[in-house]
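Peer 1: This is what each chain is made of:
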Amino acid sequence: MPALGIITNDQTAVFQRDVIAGACEVAASRGYSVIVDSIAESVRSPRAISLDLRDVVGVLALADAVPVDQLQAMLRRGIPVSLVSHRVPSLPIPAVFTDNVQGMAELARHVIADCGCRKPVYIGGLSGQIDGAEREAGFRRELLRHQISPDDAIYLQGNFDADTAAGAFQQVLASGHEFDAVVAADYLMARAALDLLRHAGRDVPGEVVVVGFGDGAEAQAAGLTTVAADIIEQGRRSARQLIGQIDGLHITGTTVLNVRLLVRKTSR
Amino acid sequence: MISRSTAGKATHGQLRRHNLQLLLRGVYQGLADNRAALALHTGLAKPTVSELVAELIESGLLVEEGWGSSTEEGGKRPRLLKFVPAARNVIGLSINDERVLGVLTMLDGRMIAQHTIDLTGIQGQAIVPLVIDVIHGLMAQLDAPLLCISLGVSGVVDAAEGFVTYAPHLDWQNIPLARLLLDRFQVPVHVANSTELAAMAQYVFGLPDPVHSLAAVRVGSGVGIGLVIDGALYHGGGEIGYLQVAGYDDSPVAAQQPRLETVVGWPYVVERMHALRQRHGGSLLPESEGELTYLHIRHAAAEGDAAALALEDELCHYLSQVFAWIIGLLRPDHVSLAGPITDLGEALLNQVVRRTRQLILPEMTEKVTFSLMTSPHVVAVGAVARALQLELGLV
Numbered sequence: 001m002p003a004l005g006i007i008t009n010d011q012t013a014v015f016q017r018d019v020i021a022g023a024c025e026v027a028a029s030r031g032y033s034v035i036v037d038s039i040a041e042s043v044r045s046p047r048a049i050s051l052d053l054r055d056v057v058g059v060l061a062l063a064d065a066v067p068v069d070q071l072q073a074m075l076r077r078g079i080p081v082s083l084v085s086h087r088v089p090s091l092p093i094p095a096v097f098t099d100n101v102q103g104m105a106e107l108a109r110h111v112i113a114d115c116g117c118r119k120p121v122y123i124g125g126l127s128g129q130i131d132g133a134e135r136e137a138g139f140r141r142e143l144l145r146h147q148i149s150p151d152d153a154i155y156l157q158g159n160f161d162a163d164t165a166a167g168a169f170q171q172v173l174a175s176g177h178e179f180d181a182v183v184a185a186d187y188l189m190a191r192a193a194l195d196l197l198r199h200a201g202r203d204v205p206g207e208v209v210v211v212g213f214g215d216g217a218e219a220q221a222a223g224l225t226t227v228a229a230d231i232i233e234q235g236r237r238s239a240r241q242l243i244g245q246i247d248g249l250h251i252t253g254t255t256v257l258n259v260r261l262l263v264r265k266t267s268r
Numbered sequence: 001m002i003s004r005s006t007a008g009k010a011t012h013g014q015l016r017r018h019n020l021q022l023l024l025r026g027v028y029q030g031l032a033d034n035r036a037a038l039a040l041h042t043g044l045a046k047p048t049v050s051e052l053v054a055e056l057i058e059s060g061l062l063v064e065e066g067w068g069s070s071t072e073e074g075g076k077r078p079r080l081l082k083f084v085p086a087a088r089n090v091i092g093l094s095i096n097d098e099r100v101l102g103v104l105t106m107l108d109g110r111m112i113a114q115h116t117i118d119l120t121g122i123q124g125q126a127i128v129p130l131v132i133d134v135i136h137g138l139m140a141q142l143d144a145p146l147l148c149i150s151l152g153v154s155g156v157v158d159a160a161e162g163f164v165t166y167a168p169h170l171d172w173q174n175i176p177l178a179r180l181l182l183d184r185f186q187v188p189v190h191v192a193n194s195t196e197l198a199a200m201a202q203y204v205f206g207l208p209d210p211v212h213s214l215a216a217v218r219v220g221s222g223v224g225i226g227l228v229i230d231g232a233l234y235h236g237g238g239e240i241g242y243l244q245v246a247g248y249d250d251s252p253v254a255a256q257q258p259r260l261e262t263v264v265g266w267p268y269v270v271e272r273m274h275a276l277r278q279r280h281g282g283s284l285l286p287e288s289e290g291e292l293t294y295l296h297i298r299h300a301a302a303e304g305d306a307a308a309l310a311l312e313d314e315l316c317h318y319l320s321q322v323f324a325w326i327i328g329l330l331r332p333d334h335v336s337l338a339g340p341i342t343d344l345g346e347a348l349l350n351q352v353v354r355r356t357r358q359l360i361l362p363e364m365t366e367k368v369t370f371s372l373m374t375s376p377h378v379v380a381v382g383a384v385a386r387a388l389q390l391e392l393g394l395v
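Same order as they appear, the protein sequences are chains B and X. All the letters of the first sequence, read from the start, carry residue numbers 1 to 268 under our numbering. All the letters of the second sequence, read from the start, carry residue numbers 1 to 395 under our numbering.
Any given hint might turn out to be false.
Unchecked claim - If you only want the chain B side, here are some residues facing chain X, beta carbon under 8 Å, derived:
#, residue
1, Ser-90
2, Pro-94
3, Leu-144
4, Gln-147
5, Arg-240
6, Gly-244
7, Leu-249
8, His-250
9, Ile-251
10, Thr-252
11, Val-256
12, Asn-258
FYI, nobody ran anything at the bench for these hints, they're computed from the structure. Glycine included, every Cβ here is placed at the ideal spot set by N, Cα and C.
Input sequences plus hints: build the corresponding full structure.
Peer 2: Shown next, in the form of C-alpha cells:
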C-alpha cells in the first residue's frame with residue numbers, strides 16, 4: 001500500500017492531532033497508509049526530520065515544520081507536497097487554510113455589533129506565522145469597519161500558547177487597564193484568559209466578553225464563543241489536495257475553508 | 001456555453017431537457033413536492049411527469065422522502081420529492097487583475113471550498129495555466145460529480161462563444177477561454193463579464209425580496225455594469241470605465257470630462273487621497289500610500305477627517321451620475337454597488353443615492369431600492385448562479 005508522509009512539529013497538540021486524524025481518514029478511504037514524523041514533541045529538544053522520502057508518495061507538511069530548503073529538495077525529487085496552514089510564497093506548493101479573514105470578521109462583528117464592546121484586548125498568535133498574522137490583520141480591519149481606531153485596542157503576544165497568553169493577560173488585569181472584550185487568535189488562549197477573569201471575580205459576559213478563533217472540546221466545555229474552524233475537515237481536505245497532486249493534478253495556490261460563528265455563554 | 005443550438009423548432013431532446021428542467025425547478029423552488037402537484041403546476045401529463053421524475057431520481061437530482069397528506073377525497077398519500085443539493089458540484093471562478101478566486105459549491109450555492117492564486121506581477125497568457133491550477137485545486141475537493149465550470153472575467157466577453165475579447169487589466173486579447181477549458185476538462189464551460197455575474201449573484205442569492213430587474217455597478221481598479229432583466233443576464237453590460245463623466249468642481253480634472261475609471265478606480269483614489277491629505281493636513285489617514293485602504297477612508301470620514309470627506313464627496317459626484325443614467329434609461333427595480341469600494345459602507349451609498357435623486361425626476365427613483373454587495377466572492381458566486389440557470393434551469 002502506498003504511503004503518505006505527514007511531517008509535524010508535535011502530533012499530540014490539538015491542531016496537529018485533528019489535522020492528522022482527518023488526513024488519516026481520507027488516506028484510508030483512498031488506499032493509502034500514513035507515516036507520521038513528529039519532530040518536536042519535546043520543545044526543548046526538537047529533532048531533525050527523519051521521514052525517508054523513498055517510503056512515501058507524497059508529503060503533508062503541517063504549519064512550518066519543514067524548512068524551505070527541505071521543501072525545495074522534495075520538489076526537486078518530484079514528490080508532491082501540500083502545506084497545512086502555512087505558505088511559502090517562493091515555492092509553487094499548494095496549501096490548505098481555514099478562512100482567517102472571514103472568521104476574524106465574524107468574531108469582531110459579533111463582539112462589536114452584537115455585544116456592543118468598544119475596548120477590546122487582542123491576544124495574538126505567533127506574529128511570524130501566517131494564521132497569526134492574517135487573524136491580527138483581519139481584527140484590525142474589522143475595528144476600522146466598526147469605527148474603532150485599531151490603536152485603541154490592547155494587543156498582547158500569546159504565541160498560540162495558553163501559558164504565554166495567560167502570562168501576558170495577567171499583566172493587563174493587574175495594570176487596571178479598562179477593557180470590555182477579549183478576542184484571542186485561538187480558543188485555547190481565550191480559555192486561558194477566561195479562567196483568569198473568572199478567578200479575578202470578573203463577570204463574563206456581563207462585564208467582559210471573551211471569544212476565540214477555532215473550536216474544540218475545551219471551548220465547548222468552557223462555554224466559549226468561537227468561530228468553528230473544523231480542523232479535522234482541514235485535515236481531510238489537505239489529504240485530498242495531496243492525493244489530487246499524486247493523481248496528476250497540477251495545483252498551486254491556496255484552498256480556503258469556511259468557518260462559522262458559535263455563540264455560547266461567554267458573549268451576549 | 002460555447003456551443004449553442006440555432007433558433008427554430010425544438011428537437012425532441014431539447015423538449016425533453018426543457019421539461020426535465022421545468023420539473024426540477026418546480027421542486028427546487030418549492031412550488032410542488034409530488035408527482036401530481038408537478039403535473040398540475042407544469043401542465044404536463046401525469047405519465048410524462050412520472051417518466052421524467054424517474055429520470056431525475058436516477059440521476060440523483062431528486063429523491064423520494066416521506067409521504068404527503070391524502071386529498072380531501074381520500075386516496076393514496078403521495079410520495080414526496082426532494083431536491084438533492086449535494087447531487088452535483090459546480091466550480092465558479094472570478095478572474096481579475098489581483099487574483100483568480102474559485103469556489104466549489106453545491107447546487108443550492110452552499111460553498112464547500114475556495115481556492116485562490118495571487119496574480120501580482122502576472123499578466124497575459126501566463127494567467128491561463130494559473131486558472132487551470134485553481135480549477136485543479138477545486139477538483140481535488142469534489143464531493144460529487146462536476147456539473148460545469150463557470151467563469152467571470154473583468155473585461156469585454158463574448159458570452160455566447162465563451163471568448164474574452166479584451167481584458168486590459170489582464171493584458172488579454174482574444175482568448176478562447178471556454179474552448180481551452182472545455183478541451184481540457186470535458187465539462188460545459190460558461191464565461192461572462194464579472195460585473196454581469198455580480199448582478200446575477202445579487203439577483204439569485206442576495207436580496208430578501210425578489211425583483212424583476214436589477215443593475216449592479218462594480219468599482220475596483222475599473223468600473224463595470226451588470227444587468228439582470230426578468231431573470232435573464234443581459235450581455236450588453238460589462239466595462240464602462242471608458243465612459244466620460246462631468247468633472248468635479250474642485251478636482252484637477254474639473255475642466256475636462258474625465259473617463260470614469262480614472263476618477264473612481266482605486267489607483268486614482270490612492271493618488272487623490274494623497275493630494276487631499278496634503279491640502280487639508282492633520283489627517284487621520286495612514287502616512288504610507290501602501291497602507292491605505294477603503295476602510296481607513298471610511299473610518300477617517302466618520303471621524304470628520306476633512307481629506308476623507310472631500311474624497312467621498314468626489315466619489316459620490318461621479319457614482320451618482322452613473323446611477324442616474326442607469327435609472328433614467330433602464331428603470332430597474334434595484335441598483336447594487338459592488339466591488340472593493342463597498343468597504344466605504346452604507347454612508348457612501350446613502351450619499352450616492354441622495355445625489356442621484358437630485359439628478360433625475362423624483363418619480364424615477366421612488367420605487368428603486370439600493371444595496372451594497374459586500375461579499376468578496378460575489379463574482380464567483382454569480383458564476384455559479386449562472387451555471388445553475390444554464391445547465392439545470394433552476395433560477
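Peer 1: Now, for every hint given, state plainly whether the structure supports it.
Peer 2: Verification of the supplied hints:
| no. | hint | verdict |
| --- | --- | --- |
| 1 | Ser-90 | violated, 13 Å |
| 2 | Pro-94 | holds, 6 Å |
| 3 | Leu-144 | holds, 4 Å |
| 4 | Gln-147 | holds, 5 Å |
| 5 | Arg-240 | holds, 5 Å |
| 6 | Gly-244 | holds, 3 Å |
| 7 | Leu-249 | holds, 4 Å |
| 8 | His-250 | holds, 6 Å |
| 9 | Ile-251 | holds, 5 Å |
| 10 | Thr-252 | holds, 5 Å |
| 11 | Val-256 | holds, 4 Å |
| 12 | Asn-258 | holds, 6 Å |
Of the numbered hints stated above, the single one contradicted by the structure is hint 1.
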